[in-house]
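From these two lone chains plus the hints, build me the complex, please.
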Amino acid sequence: MGENKQITRIARLREKLCDTLPEICIERACLLTQSYRETEAYPEIIRRAKALEKILSSVTIRIEEDELIVGHTISKRRGGIVTPEINVENCREAIEAPSTSSDEFAPIPEDYISRMQDVMSYWKGKALFDRVQARVPGEILNVECKTMIPSGSSIANNYIGSHMSVDYSRLLAKGLTAIKAETEEKLAALDPLDPATEDSRNFYTAVIITLQAACDYSSRYADLAREMAGKEMNPQRAEELLHIAENCEWVLANPPRTFYEALQFVWLYFIVLMTEAWGPGMAFGRMDQYLYPYYKKDIESGIMTREQAQELLGCFCIKMNESGTRFSFEKIRTGGGLSVLSDITIGGVTKDGKDAVNDLTYLFLDVQEEVRMFADEVVIRISNVTPDKFVFRACEAARNLRGKFKFIGDETAVSSMLFNGLQLEDAREFALSGCSLPTVPGVSWDIIGGLVNLPLMVELALNNGYSPVLGEQIGAETGDPREFRSFEDVWEAYKKQVEFCQEVYVRVRNADRAVSAEYAATPFQSAGYQRCLDSGRDLTWGGSAPYVTDAISAIGGANACDSLAVIKKLIFEDKKITMDQLLEAMKKNFEGEEELLKLIDSVPKFGNDDDYADSIMVDIYDHFEKGMRRFKGYNNNKYTVQSYTAGGYLILGENVGALPDGRKAGIPISDGGASPYHGRNLSGATATFNSVNKIDIVKLSSGVALNMKFSPSLLKDAECIRKFAALLRGYFEKGGFHVQFNIVSSAMLLDAMKHPEKYRDLLVRVATYSALFTNLGPELQLQLVDRVENTEV
Amino acid sequence: MNDSRLTGVVFNIVHSSFVDGYGIRTTVFLKGCPLRCLWCCNPEGQKFEPELKFVAPDCSSCGKCVEICPVGALAINPDPEQKLFIDREKCTMCGKCADACAVNAFGIIGKRMTVDEVMKIVCKDEYYYRKSGGGLTIGGGEATAQPDFTLALVRACKENYIHVAIDTCGFTTTENGRKALEEADLLLYDVKGIDPAEHRRNTGVSNEIILDNLKRLDSMGKPIIIRYPFIPGYNDSQETIKAIAALLEKLKSVQRVDIIGYHEYSRTRYKELGMPYPLEHIKSTPTNERLESVKTIFEQHGLKTQLGG
Numbered sequence: 000m001g002e003n004k005q006i007t008r009i010a011r012l013r014e015k016l017c018d019t020l021p022e023i024c025i026e027r028a029c030l031l032t033q034s035y036r037e038t039e040a041y042p043e044i045i046r047r048a049k050a051l052e053k054i055l056s057s058v059t060i061r062i063e064e065d066e067l068i069v070g071h072t073i074s075k076r077r078g079g080i081v082t083p084e085i086n087v088e089n090c091r092e093a094i095e096a097p098s099t100s101s102d103e104f105a106p107i108p109e110d111y112i113s114r115m116q117d118v119m120s121y122w123k124g125k126a127l128f129d130r131v132q133a134r135v136p137g138e139i140l141n142v143e144c145k146t147m148i149p150s151g152s153s154i155a156n157n158y159i160g161s162h163m164s165v166d167y168s169r170l171l172a173k174g175l176t177a178i179k180a181e182t183e184e185k186l187a188a189l190d191p192l193d194p195a196t197e198d199s200r201n202f203y204t205a206v207i208i209t210l211q212a213a214c215d216y217s218s219r220y221a222d223l224a225r226e227m228a229g230k231e232m233n234p235q236r237a238e239e240l241l242h243i244a245e246n247c248e249w250v251l252a253n254p255p256r257t258f259y260e261a262l263q264f265v266w267l268y269f270i271v272l273m274t275e276a277w278g279p280g281m282a283f284g285r286m287d288q289y290l291y292p293y294y295k296k297d298i299e300s301g302i303m304t305r306e307q308a309q310e311l312l313g314c315f316c317i318k319m320n321e322s323g324t325r326f327s328f329e330k331i332r333t334g335g336g337l338s339v340l341s342d343i344t345i346g347g348v349t350k351d352g353k354d355a356v357n358d359l360t361y362l363f364l365d366v367q368e369e370v371r372m373f374a375d376e377v378v379i380r381i382s383n384v385t386p387d388k389f390v391f392r393a394c395e396a397a398r399n400l401r402g403k404f405k406f407i408g409d410e411t412a413v414s415s416m417l418f419n420g421l422q423l424e425d426a427r428e429f430a431l432s433g434c435s436l437p438t439v440p441g442v443s444w445d446i447i448g449g450l451v452n453l454p455l456m457v458e459l460a461l462n463n464g465y466s467p468v469l470g471e472q473i474g475a476e477t478g479d480p481r482e483f484r485s486f487e488d489v490w491e492a493y494k495k496q497v498e499f500c501q502e503v504y505v506r507v508r509n510a511d512r513a514v515s516a517e518y519a520a521t522p523f524q525s526a527g528y529q530r531c532l533d534s535g536r537d538l539t540w541g542g543s544a545p546y547v548t549d550a551i552s553a554i555g556g557a558n559a560c561d562s563l564a565v566i567k568k569l570i571f572e573d574k575k576i577t578m579d580q581l582l583e584a585m586k587k588n589f590e591g592e593e594e595l596l597k598l599i600d601s602v603p604k605f606g607n608d609d610d611y612a613d614s615i616m617v618d619i620y621d622h623f624e625k626g627m628r629r630f631k632g633y634n635n636n637k638y639t640v641q642s643y644t645a646g647g648y649l650i651l652g653e654n655v656g657a658l659p660d661g662r663k664a665g666i667p668i669s670d671g672g673a674s675p676y677h678g679r680n681l682s683g684a685t686a687t688f689n690s691v692n693k694i695d696i697v698k699l700s701s702g703v704a705l706n707m708k709f710s711p712s713l714l715k716d717a718e719c720i721r722k723f724a725a726l727l728r729g730y731f732e733k734g735g736f737h738v739q740f741n742i743v744s745s746a747m748l749l750d751a752m753k754h755p756e757k758y759r760d761l762l763v764r765v766a767t768y769s770a771l772f773t774n775l776g777p778e779l780q781l782q783l784v785d786r787v788e789n790t791e792v
Numbered sequence: 000m001n002d003s004r005l006t007g008v009v010f011n012i013v014h015s016s017f018v019d020g021y022g023i024r025t026t027v028f029l030k031g032c033p034l035r036c037l038w039c040c041n042p043e044g045q046k047f048e049p050e051l052k053f054v055a056p057d058c059s060s061c062g063k064c065v066e067i068c069p070v071g072a073l074a075i076n077p078d079p080e081q082k083l084f085i086d087r088e089k090c091t092m093c094g095k096c097a098d099a100c101a102v103n104a105f106g107i108i109g110k111r112m113t114v115d116e117v118m119k120i121v122c123k124d125e126y127y128y129r130k131s132g133g134g135l136t137i138g139g140g141e142a143t144a145q146p147d148f149t150l151a152l153v154r155a156c157k158e159n160y161i162h163v164a165i166d167t168c169g170f171t172t173t174e175n176g177r178k179a180l181e182e183a184d185l186l187l188y189d190v191k192g193i194d195p196a197e198h199r200r201n202t203g204v205s206n207e208i209i210l211d212n213l214k215r216l217d218s219m220g221k222p223i224i225i226r227y228p229f230i231p232g233y234n235d236s237q238e239t240i241k242a243i244a245a246l247l248e249k250l251k252s253v254q255r256v257d258i259i260g261y262h263e264y265s266r267t268r269y270k271e272l273g274m275p276y277p278l279e280h281i282k283s284t285p286t287n288e289r290l291e292s293v294k295t296i297f298e299q300h301g302l303k304t305q306l307g308g
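Protein chains in written order, with numbering that gives the first Met the number 0: chain A, 0 to 792; chain B, 0 to 308.
Only chain B is shown next, with the shape it has when bound in the complex (with noise of 0.2 angstroms):
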């Protein structure tokens, strides 16, 4: 895995991110995800191959895309709100109607690049990582649902001396996949619930390799950023809470807990995908009350917790 010139499917590449870890930053989003979270902050993450967004409010209905499209897939759409009918069956992701369009209404999101173009962009502000603590994120998506290249990644900052973290959910199964998150410096570690129902309801998958890959990876001594999304009414319930904090209680390798409670910030980018969006009956996001005293309850265990990460 220490080949360069291999490739992956990177939506974003985000820099001097404050976030994400310790220091500052570089963030690299992965395309691709196991997992589908009914509350996802990336639903460009989910699908593993480029996909094409559609910014409704920037399209002047020109109607050119309409024409050029090969295969039929854009019709005009009488609705102002939605402008176009996009058959995303039919899509080919050949781009043409991106070059057509005059205002930008279009995007790919995804694209292909090596190892070596990835670390280029990273490398421009090792300087900063070296000032700060910081380093590469890799991101997602779920980074080890790329395991060959997230592993080509991990290795290829070791080489440079860069620190490496990985976002992840854990939902790990290939063999590069848990070497790149035995290798990483960092792990910002998901856990979204205890109950295995629960959590298939919630995800789309039971969380018994989750919880595994976490036990093995802690008892390996790997620094781990706990991150806990916090959602009304799917996996906020005080038994929810307190087995998780039962459990990371246990853990030896747990730096500390981030509960990120629910925002809507991605709803318009799940509209340019023509994704539903799925919490839509969730009508209020948790106030800080809520989160301190959950906040409180982890901190009961002796966790270090913040809440937001």
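Chain A extracted, bound-state conformation (with noise of 0.2 angstroms):
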């Protein structure tokens, strides 16, 4: 941790990552398979607690040049696993996909397809995405998977129940030995006479076995850095190395001393959580919260720096872009191939309601513009007694990092946990998961599901259930809609469809935590849960009840309100065209049908502030949630609504045939659940994000993502940071729950020339004035496209 050292150490392994294909690790796969068939008359439970000890016990472990904190999460420097044990099929697609440019990974080596098709052969009819199947009657599974891309199950899609967050502040202040010791206690507390405690029995069992398996993990780090300190020449490097192994030596057994231990603890804790239940959305929680502790008393008595803290930050960082999930092509398309979406949540408040932002929450913008990388990801919380002068910041960062942070309202997002049924102090140490899911670290335990196609409701409701797109009945039975005699008629046909594909989902989703809960156990994750250990039932048998939530997405609702407008607004009030006009206009793919377009290009759309579009907005999430509160999950799980699609949105839209709307068949729908269809929203940043505010989005509580763009130009300096930060609070404080923005280079200003209709809403500043871009002249164009280079940092 030299003075000076600080900058080019985080620029060299960030290039060396950048260099590094990602690899396929197969070994976590064969030692699991390898388990499993040693330990066949094993509780399933005590199953899966053995498998990750053998996996941590042999996994092959690496320390990189210039590494601070050490650990991977696969055998290899950068890349992802497969997980045959959850979908054998999307696993073969895995070790089968070509290398795509976007998704570029190492050559697959000869030896691993034989090795693979072992390990698959075990896994075919019985990996856990099999028994979903057995579970679920074919014809519901034919519209699930049909209607839902990809399929509402986690398991379909490879993960088990990743989007949360353990509680690191517990962790970090107890250590794993005690908490084994405490486990052990629990156990010696049950009767071994009583039946009926047979599953707790088991559950702490496996917690124990964990625990141990962890710290032999990080012992094994220890005894590697020892090594490699000995025959290490340069005896700097030699010292962090000796350095390094001191830390794996303490923790993670034991709890942590100083804010460089407390960072390797945490790592090492992720990897054996990811190594457990792979998949995205394993957050860090809080970090600048139960980190402070560390670094403030390190700060103070002098044997820590600011700098060197800001280096092991940035180490910590780099770190979170090696590991990834090598997609079935679908999902690489629809996710990206390589992120696992660990937030790291900052700001906020604190358990009693106040300011929460201390100087590492400050450090953690220093070290994001020093790493500037993307699977490190920050969510930054904003509340009402959040100090302006960290909101200018925050901005300023984001400005330098062309958008990259989420930002979360507090007052919103705390709203939302308190109507999941949080208590308040747990509610207010909300975290984010994967796209943009609250969690409450340690407390609460929210599952993610797959993404209701909304448009496509609309498109079933307009053919008595029937896709024109997949030539199938996929939907219910709703009546021809050329007898529908008002919009009254054509919303209830909306809303049959809409519910007849939710009882779909839950039917799907209900088979598929029963399926985690007898074989996906997640012992490791639950020892992260209070309540679990206090209950002796795994976090997958509701261990954390009653905070545990179900959430299904809605997705491309701008599509759905623009559309059900324009009926509404042509077919029936105005009566400038009939039903059948449509119709057939949209079986045309509106070819030909300029006049139309031209008709719908009239009528109000979401995202403008007006109330004839917005209001459908509302009635359609209003009605989404309604509808969820029908159901009853698995163990009692409360049914929530989400409203985001990763990469989703691309997707589903090829499922979707021309809308009503104007949007063509076949190409991309809204993306995320509060985005205005892009190009719509021409009425400036304010007009969005109160049409935005109309949704309850409270009531949406598993969390609403919007999406906007903005030019670097807008927030050239420090008067201009001021009105962008301005905006920010005044949507929050207006019950804002998320907001991202794309900061706009150059090169997307070159790519708005050439496809105008893709950025009709991009914001730009001309002069004394500001001006959409595609409302500009070419030269005029041309010369904005220099100046963003000119001011981009």
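Keep in mind the hints are simulated off the structure, nothing from the lab.
Since the structure is predicted, the reported quantities are computational estimates derived from the model, not experimental observations.
Treat each hint with caution, since some may be false.
In silico contact screen, one side only, chain A against chain B (beta carbon under 7 angstroms); selected entries [as the list claims (entries may be wrong)]:
1) Lys597
2) Gly683
3) Ala684
4) Cys719
5) Arg728
The beta-carbon is built from N, C-alpha and C at its ideal position, and this holds for glycine as well.
As structure tokens, then:
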């Protein structure tokens, strides 16, 4: 940790990582399978624990040059794993999938194929997804798979329950040896003669196995570091390696004594979580809060400088970019191949509602500007009591990173947590996981599911449940649309399609949860939840109850809304067209229907602060949320609604034909849950915010995403940043939950010149006024392209 | 002037503006201006009545508008860049061509709106004004050229506790226009030159009224941001710059001077309105170095100055 080396170390680590092609690691799959073959007779939860133990004790471990925080989630420097135990077909596709330029992987070694054949043959017919399929009637599964891509089952999507955060503050305070001892006491207290305690006894036994395995795993790193130090020629690096060895000898078993040890603890714990139940969204929780006492102590006692802390955090953030999942081809297109969506949440309020921003919160922003990578997601909580100074700094950093951060409105998120049934003090501790799911670390377990395609529901309502694209009846029979006499008839048909779809998804989801509980318990993850240890129940068994939610995502609301607005206005109110005309035009994909498209263009669209369209959006989400309240989940879980897609809107669009709102067949639907359809919010940022905030966002308690584009020139100086921050704070104080900005580059402006239809809402600053980029003449556009390059940092 | 049903002709309302005054603003552009500045960057704000806009590149030359025009003001133009002949003398602004056009190549610039209608839109962003210290800016055209309407808007803002600025050329001759300026919270006030003859050549009017109004408003302590459009060859002599700076130095309420370098951003809009571009012969816009040097002169006179508004 030399004074002048911070920048170069981070830069070297970043460069090395970027130069390393991701590789597929099959070690975990092979070791897991080997363990399963050896434990056929054991209870399932013990088999899970023993498999984890086997992997952690045998997987190849490595320490890279320059690293200060050590540990890899896989046996390679960079890449992902395959999970045949979850879904054999996805595993096969991942092994066989060609490497693409956007998702480039190193070639798979010859012997992997044969080794994996053996592994896959073991799991064929008993992987988790096979078990889900066996529990759901074929016709239900068919509708589910056809309407929801990717499927609503987490298992079908290659992960179990992973949008969560353990309670790192408790884990750090105790260390795993103490937690293991507590667990042993709890096990000893159970009557071994009472059959009713068997599940709990198995759970505690499994927890003890995994905690010990995790401690032994960190010892392996200590041994490796010590061995490498012995051979290291560079005395400074040798010293660093010895320091690493000491750290890994102490954690995970013992509570960390320093900031450095605490960071190493969190990273190793994360690796074990990933190894146990690989999947996106294993969040780090509120890092600026639980690490602050260590930071403060080390700074005050003088054993660490702020620069050294920055270097350590930089090393940590770089490591977050190492692991990913080689998804199947479909998933690569929707989710991106290589990000594990592990969020770091900073800012917000304390348990007692006071401003929580501290020096470490600021340091995270500095680190982000230095690391400049993509997978180390940082979520910034902004509450009414957050100081302007911090909000300004966060906006400035967002500008410098062209967006990147997710901004979250604290008051709405806390209200959502209360709506989910959490206690106020816990609610205030929420953090984000995955795309934008709020969860309370170590308290609530919030599982995500697939995406309900709302525009498809409109299409089905206009086709009596038949999908023209798929050529199949996949929805409810809601009648011939030509017989609809009023907009209410259309709305009723739409609602029935949604409700039918929800029922299908809930059946699949409940089967998914049942299979997880029986075959995919996560005892190590559960050890991060006090309630699980107290109740003797694994998370998948409802161990964190009553704080468990099952979220279903409602996607493409803007297209559904705009389509319904067009039907309402043009057919039933203004009577300018007939239903028949609209259906015929849709069938032709609006070929030769320029005049109709122009009429459609004149109907108000969501995102412009126009109640005509916005009120329909409000109704759509209100109906969806009420619809989900009809159901109880497995373990009595509460069903909640979320609204975001990752990249799902691209592929969801493929199953939807031309829509009444003029969107052509097959092209993407609206991104983010609350985002207006691109190019349709033409009335400025405040109008978009006002539209979004008309939705009762609190009730969409598993998160709603809003994506916006901004020109960097709008944040060019302190004065502009102040205004931008005011915009952000205004949005949150008026009820906003999430927003992330695309602070666009000149490359994007050039693209906007080529494809103006995609960028109609791009706001730029021109001389003394702001303008929509696509409304400007080509010469001026070019000028702005040049200007942006000058103003970009 | 508290009549909420009073109407004015508005040609644009821009939300979320980071310019046109302090904070986040909504800018309402009113139609009609007594000046004809050669460099005018809002040509649609010059005439008082609604106008027809025609975007030739969007036109598919289908001819439907020619057929439907009840006064025969339209004819196909064989020039592929022009596409249409528009006889703007004959045109009655009935809008039938715009309705008939399948590709939206026409637009009607300017809409009669009541004070209530405008305020309803303005109030939607009230919260953002409060967060940022922003508010409404009435621009144009020349806001005070619709004196009754502008004054009513100013008063409606006061009633709603919304900060209101007027972007003005200062050529205000009516009582209500002067009242509007006096009652607004902030003025964005153009100073385009000092020499009356040069001013008349450049803008069509002399600047005596403008400077008198400026001095009067300044003496009342009205917060003022001066805007100086810097047009090469028209008002950019060292003499003019120094004279403006010397004048402003004496004023007590000027908070800032914005130097706005000449730009050609409005060139296509002239075309769409069928108007000739008056400064066709200016080949280049002022360099940043030049603008910085002008800024320095103002700063030497103790004026807080920035480039752009």
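Hints versus structure:
1. Interface restraint check for Lys597 of chain A: the shortest CB-CB distance to chain B comes to about 6 angstroms, inside 7 angstroms, so the restraint holds.
2. Hint on Gly683 of chain A holds. Least Cβ distance to chain B is approximately 3 angstroms, under the 7 angstroms limit.
3. A cut of 7 angstroms between beta carbons decides the hint on Ala684 of chain A: the least distance to chain B is about 4 angstroms, and the hint holds.
4. For Cys719 of chain A, the suggested interface contact is upheld, since its CB lies about 6 angstroms from the closest CB of chain B, less than 7 angstroms.
5. Interface restraint check for Arg728 of chain A: the shortest CB-CB distance to chain B comes to about 5 angstroms, inside 7 angstroms, so the restraint holds.
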